[in-house]
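Q: Taken in order, these protein sequences are the chains called B and S.
Going by this note's numbering, the first residue of the first sequence is number 1, and it counts up by one from there.
Going by this note's numbering, the first residue of the second sequence is number 36, and it counts up by one from there.
Treat the hints as calculated values from the structure; they're not laboratory data.
Every value quoted in this text rests on a predicted model; they were computed, and no experiment measured them.
There may be inaccurate statements among the hints.
[To be verified] Derived BS3-like pairs (lysine-lysine); straight-line CA-CA distance at most 25 Å: (1) Lys89/S - Lys7/B; (2) Lys89/S - Lys158/S; (3) Lys86/S - Lys7/B; (4) Lys158/S - Lys16/B; (5) Lys86/S - Lys158/S.
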Amino acid sequence: MKNGNPKMVGLINRGKPGFSSRDTWPDYPVVYNLI
Amino acid sequence: MAGLPSGLQFDLNDVDDLLAITLSDEFNTAPGDSDQIWAPLHAWRALGQLKVTKAIEPLINSFDQFNDDDYATDELPEVFSLVGEPAVDPLVAYLYRPVVEEWSVILAVACLGEIVEHHPSVKPLLLDHLKNYMRSPRLDLPSVNAFILSVIMNLQAVELIDEIRHMFALGCVDVGWCGDLEDVESNLGVRG
Chain B
1 MKNGNPKMVG LINRGKPGFS SRDTWPDYPV VYNLI
Chain S
36 MAGLPSGLQF DLNDVDDLLA ITLSDEFNTA PGDSDQIWAP LHAWRALGQL KVTKAIEPLI
96 NSFDQFNDDD YATDELPEVF SLVGEPAVDP LVAYLYRPVV EEWSVILAVA CLGEIVEHHP
156 SVKPLLLDHL KNYMRSPRLD LPSVNAFILS VIMNLQAVEL IDEIRHMFAL GCVDVGWCGD
216 LEDVESNLGV RG
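Using the sequences and the hints, build the whole thing.
A: Now the structure itself:
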């Protein structure tokens with residue numbers, strides 16, 4: 001993060017998320033089941 | 036899956052940074068109208084999505100930190116639900132820790148309730164843990180105890196009726212949360 005990790009910069013800059021539904025909040029294109 | 040941003044393909048290499056943001060005083064105390072104040076929320080969501088067992092203990096240890104955070108109350112149970120069964124034992128262990136804020140223990144119980152709701156296979160393990168706890172419950176945590184009974188009622192775990200009656204006999208249940216013994220027995224269908 002302190003080294004300017006662009007993913008974290010992008011995350012920080014996202015600001016307030018929408019809260020129309022809890023079901024919508026896993027909204028990152030992450031890689032699942034890595035562990 | 037609305038509002039997908041591009042370029043945020045998180046993976047396990049990001050876990051340390053995501054944890055740092057989640058727990059950061061800098062972000063958690065940022066001005067209310069800033070983008071930064073929302074960074075911990077985005078970070079804990081990503082940690083949940085990654086199902087990172089490494090994040091379990093640091094997140095649990097942060098419960099007191101999020102004591103007055105409405106979003107944490109609402110979302111951390113969902114985060115732990117995404118992590119699933121590996122979070123059960125550490126969350127149960129939290130019931131026995133020295134308590135700073137009772138709310139934090141309630142949050143741990145809420146996380147357990149959310150996990151078992153989404154992972155029914157966890158139910159036998161959780162009920163076994165709760166049965167042990169209820170035999171020697173914390174007398175200083177009546178709201179926690181009531182919340183545990185709420186989880187048990189949601190699970191319709193009538194097999195714990197002896198432990199439930201034991202807790203009420205000890206007078207360590209806040210009946211304002213879950214009702215009195217008659218209410219709980221009626222809910223579970225064991226009152227004649």
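Q: All hints are to be evaluated individually against the structure, with a verdict given for each.
A: Consistency of the hints with the structure:
Using a Cα cut-off of 25 Å, the hinted pair lysine 89/S and lysine 7/B holds, with the two alpha carbons roughly 19 Å apart. Pair hint lysine 89/S plus lysine 158/S holds up; C-alpha atoms about 23 Å apart against a cutoff of 25 Å. Simply put, lysine 86/S and lysine 7/B have alpha-carbon atoms about 18 Å apart, close enough for the 25 Å limit, and the pair holds. For the given pair, lysine 158/S sits about 35 Å from lysine 16/B by alpha-carbon distance, which is inconsistent with the 25 Å threshold.
With a C-alpha separation of about 19 Å, the suggested pairing of lysine 86/S with lysine 158/S holds against the 25 Å cut-off.
Checked against the numbered hints above, the structure breaks only hint 4 and satisfies the rest.
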